[in-house]
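A.B. asks: These are the residues of each chain, in order.
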Amino acid sequence: MELNDANLQTLTEFLRKTLDPDPTVRRPAEKFLESVEGNQNYPLLLLTLLEKSQDNVIRVCAAVTFKNYIKRNWRLVEDEPNKISDADRTAIKANIVNLMLSSPEQIQKQLSDAISIIGREDFPQKWPDLLTEMVTRFRSGDFHIINGVLRTAHSLFKRYRHEFKSNELWSEIKLVLDTFALPLTELFKATIELCQTHATDVNALKVLFSSLTLISKLFYSLNFQDLPEFFEDNMETWMTNFHGLLTLDNKLLQTDDEEEAGLLELLKSQICDNAALYAQKYDEEFQPYLPRFVTAIWNLLVSTGQEVKYDLLVSNAIQFLASVCERPHYKHLFEDQNTLTSICEKVIVPNMEFRSADEEAFEDNSEEYIRRDLEGSDIDTRRRAACDLVRGLCKFFEGPVTAIFSGYVNSMLAEYAKNPGENWKHKDAAIYLVTSLASKAQTQKHGITQANELVNLNEFFVNHILPDLKSPNVNEFPVLKADAIKYVMIFRSQLPKEQLLQAVPLLITHLQAESTVEHTYAAHALERLFTMRGPNNTTLITPAEMAPFTEQLLNNLFKALAVPGSVENEYIMKAIMRSFSLLQEAIVPYIPTLIGQLTHKLLLVSKNPSKPHFNHYLFESLCLSVRITCKANPTTVGSFEEALFPVFTEILQNDVQEFLPYVFQVMSLLLEIHSNSIPPSYMALFPHLLQPVLWERTGNIPPLVRLLQAYLEKGGATIASSAADKIPGLLGVFQKLNASKANDHQGFYLLNSIIEHMPPESITQYRKQIFILLFQRLQSSKTTKFIKSFLVFVNLYCVKYGAIALQEIFDSIQPKMFGMVLEKIIIPEVQKVSGAVEKKICAVGITKILTECPAMMDTEYTKIWTPLLQALIGLFELPEDDSIPDDEHFIDIEDTPGYQTAFSQLAFAGKKEHDPIGDAVGNPKILLAQSLHKLSTAFPGRVPSMLSTSLNAEALQFLQGYLQAASVQLV
Amino acid sequence: MPTKNMTDERLSKFKNKGKDPAKLREKRITECVELRKAHKNESFLKRRNITLSSLPDEEALSPEYKDMGSPCSMEDIVRDVTSGSREAQTRGCQAARKLLSQDRNPPMKEIIDAGLLSNFVSFLLLDDEPSLQFEAAWALTNIASGTSWHTQQVVKHGAVPAFIALLASPLLHISEQAVWAIGNIAGDGSAYRDILIECNVIPALLSRICPDTPVGYLRNLTWTLSNLCRNKNPCPPLPAVMQMLPSLIQLLHLSDKDILSDACWAISYLSDGDNERIDVVVKTGIVPRLVELMSHKELSVMTPALRSIGNIVSGSDVQTQTAIDAGVLNILPQLMRHPKASVQKEAAWALSNIAAGPCKQIQQVITCGLLPPLVEQLRNGDFKTQREAVWAVTNFTSGGTVEQVVSLVQSGALEAIINLLQVKDAKVILVILDAINNMFMAAEKLGETEKLSLLVEELGGLDRIEMLQNHDNDLVYQAAHNLIEKYFGDEIEGVKGAATDAFVFHGTDVQGAFEF
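Protein chains in written order, with the numbering used here: chain Y, 1 to 971; chain U, 1001 to 1516.
These are computed hints drawn from the structure, not numbers from a lab.
Be a bit skeptical, because a hint or two may be false.
Stated by the list, open to error - Computed list of lysine to any residue pairs in SDA-like fashion (alpha-carbon distance at most 20 Å, straight line):
1. K1424/U x F286/Y
2. K1340/U x F286/Y
3. K1340/U x Y282/Y
4. K158/Y x H1471/U
5. K395/Y x N1419/U
6. K331/Y x K1340/U
7. K1451/U x F286/Y
Chain Y with its partners taken away, still in its complex shape (with noise of 0.2 Å):
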């Protein structure tokens, strides 16, 4: 591509058509772009054209296109080929920083983007000029460039905030320091002189104050890795300025907007984060400063307004203040009576107070006002810091912090009294004030008893607390009820039953309120009462104690989540859930009425599942209605199959992907109830599960397999019998999962519950295909994992067909196949596997090889009989060999990625421990003694004489004590 003018007008039409609104304009000549960017001087042209293009948008579309382009090819990945040409780099970086310097901000944007991505892969061996280049721009005395210098060299150095240390970082750190450390020194003193000569002029103060902004944050990345000796020598002239930009006021840079953060606040807040770094990392350099900058950020606080803009400064500052006072040897800043009252009256009160915009976001914006308030997503908030602070002075004040709080609780309370309507207020702040003093108690809780004698919660909740959740009108002052429900829920450890049992009728008064915000909160608040545990591991609250509100629980819960703004509101479903689980059989006469609204429900958010904690519980509700009243009436299952098969179907038809996982499980667990037969509504649905589709999934792999099994386990006959021909795609399954190192355990789920459940004619065809697919499994890739389920399954397969059609099918795979598989798998990894269903089934299937199988009585099989009983001896009495090879990364069930978070399982649809051989076999230790009596009249002399040539002297005394439980002997 020749740097041409046709060149250029061609790159002109194209970049103009990807700006197209209409996709077919705009997609091709995307498309062509891409095509063409392998191309050399591509970027160079399309740096001419953001530079000389006549067309404002083409120049911004331009240097767009470029940075992308950058993006996406700068970086040099190894084994694939250079994207870019050289040439086309050094051009790119010799004139990059000119063009971006001299372009209009817009452009200048990108371009700084660009660099900073060059940077990150060359900088700075590869583009050893670019430091040097940018600080002689210093000198320009041209604001405009210096801060885009400014805005480029902190998106280059702004990692080094969060990168490890490693010397190859530091050596860059270093090169920077080295070159940059003192030009910024200057340019920050001969800004602030600036500042100083253009005090009047507003045009000119918001440039310099944007180039003090970024300077501060420069400071902030060069210093955090460690404190450089550069900035150490010259800390005198940083913090004397710091401290006076801190406490400096101009007019001309106020804003009037009320949410926007100015100028002003930027600077300071960036200040507040130096002096916190430099307080937290180099406190005993920073020492003899530090006094002057609590005083300042003090006054700072003391002189900021409430609104919304200084936000994030007033939370930096008292943020700041916050780790200072809880160091030891800075305790004396704070000590006296007169500056903890002021703080206490002019830094902590105040921002505590419920602001207009926390009205606003208690009305209109729920979700959010709760998310802050309950969920503790209020890092950034004036309220969290000011709680954050009152826990920091606690730390060496608690006694005359609580007093001057105390003090201000009880007038805060007072006003209040006079006029409700006008001060409700200031009572909000009341109790905030005891929460954040109280719940101090509650993080030292361990070890210490209930350290705040000085806050009795219990009396605060009977004298302001009660009243108001008691209150006949639940929809006055609504945010004073969201705060005593709260309270409720916080203080619910520490208050006494009694109490708690009396708030619960109340809460569930509260759930018919109006604001969202109060009856989420009485949901929440019941949700977690319900969850305390009382003495012997039970419920604190019974549902005896539950009786007489159990009908209005159920009532107001469901009509709450009819209220607009709660139709998917979790806290209500999962408190519903919880009900349900508490409740227990109380539930059983509301079921059939609710069980229609709980599918109503998921069928509409089945439309488009938007909520996934709200979908779970949704289906947690359901699996426990299930439960709960199929184990009084197992009967009733096909009423529930009646009610959720419609929608279930219609999830399964639209492949609502999300509720899959749930919708196999829900299945599971009705098919389960089922007494041995199947229902033909499931057969319909067999085949469609076998789709490879839904196995690809890796969250659906375990909730089908379960499904796949409840289907074999009640209809493995009808299986063979009617749908003969779905056996292939069964095995086809088994075959997917035994290919994978995360799956193989559940395709040996399926493959367990086949041989269990299917008449062995059915399979008998695919049983040697299932071997060599195991064996080469075995020789290509064995796991522990793999190996534990394998031995599980040709033990299960042995006790199901006998000894002697294992061995038979295994030698006929390949000759000797039998005692290779004993002699290099079972004997020696027998010891591994866990469990005590999966130690059982191996241990028969191991009697019986033993005491079943001619072949291992007169063939050359016959050397290692007396090892395999030791090895079944050692099953019995060794501690399990949980070892794994040096080499192999253990694939857990829990490690699967994606496993858990994929899967969704529901805590409610549990399933119950299977134990294929039952009560058939009491103790297999009897029954090896009982076998082994049996071989040995068979073979009379033979069983003593492999004992005492082989078997080692321990084991044997085990197994005489066997064979004296069993009162058999050996001949």
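Given chain Y, put chain U in place with the hints provided.
C.D. replies: For chain U alone, kept in the frame of chain Y given last:
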């Protein structure tokens, strides 16, 4: 801190039950790039203008030539030194020495540029002119105390063998001057150190140690020995170390604080290396004495003793055990509470390495009552101390038994490290998350993960860990995310994929024989 590959490190901690204890140990790597000012509390590399202890009345030995007018000009000095008269040469040398002894801008370069070094070196050989010999030695010593370049000039002119020969001088102050000069040359770096060693400086030095050697002389000699032990890349040759060690051990049993300080520094340099180097030190049996010196009242002795023991416990479990047997765990608590932050930090570093040991040693850490000071450090220490203390917690939780981890949590360490999750250092945060994860693994074994989740939440940890999911450092984000997912999460997600029409069970032919 070593630059470990964090991914590998984490894998080795999380996934494998059998941990490699060597990986847990945090070895100090001295050749790290530094951003800070050089350490303030270490002994000096080179010294100028120390007082010679053995200097008799200066006038008597080396009469000052005041009558010649002072200060002398460079021309005068050059003229005198290059003259044929011993007297003038002595005068010139003395004038040069005095200029070089100035506090501000001694004219080292001027003297070198004037070509006087070869003259000075040749004067060193004049045993029958002790005054001249002494003045020349002093002048050269002062030049050797300059930058590397200055030292290089002195060595280039053949001063090394001359000074070594001068060690044997019957005049104590001349011999001492040579000791000092050699110390300066050795302090320049491993290259000159090894040249000195090859020229057999060690036997020559050691032969001057005898019962009646004055204390002042011994001080200088010990300092010079310490410089011969100093520097890495490479470390001093092992035979040289073996030669020096018996004398160093002897010196360590004296009571003079300066001698003790430099002898301890020497040991600290020798023990700052791989386990083989540490072994050489441990085998001398000096560990109990070093542990004793850790409670020496002089900071200048205690600091290098602590450093030495810190180095030793970064070695193998057996080496660490010798320090434990010598009682290091009884002394560490007071050092961890020392008023000086740098001492606290070193003590925490030592503890972090002991905590990286087998659970038997971790038990001793508990028994000797180190958990309370550790928690105090986590709460109130300065940042560098907190960082080391955090490592101690993480190492402790990686190697400790379930019971030991439980007592750590109960001692308040969990609360303290949770508070530290707000530090401005990505690595420290990651190490803390690692510790929390280890605590959860212990809780898992007790079936008490839920209880621990609750505790972490109560202590404000959940909020902080959740916040860290926004951290810019990927590994921090990942670690925080994993903890949330595993112990606090009930996230629900879907996974997408494509597939074919139907499954078919297709067997494959057996290719070749199975062989397991």
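A.B. asks: Give a verdict on every hint.
C.D. replies: Results for each hint:
no.	hint	verdict
1	K1424/U x F286/Y	16 Å, holds
2	K1340/U x F286/Y	16 Å, holds
3	K1340/U x Y282/Y	14 Å, holds
4	K158/Y x H1471/U	13 Å, holds
5	K395/Y x N1419/U	13 Å, holds
6	K331/Y x K1340/U	18 Å, holds
7	K1451/U x F286/Y	41 Å, violated
The structure is inconsistent with hint 7 alone, although it conforms to all the rest.
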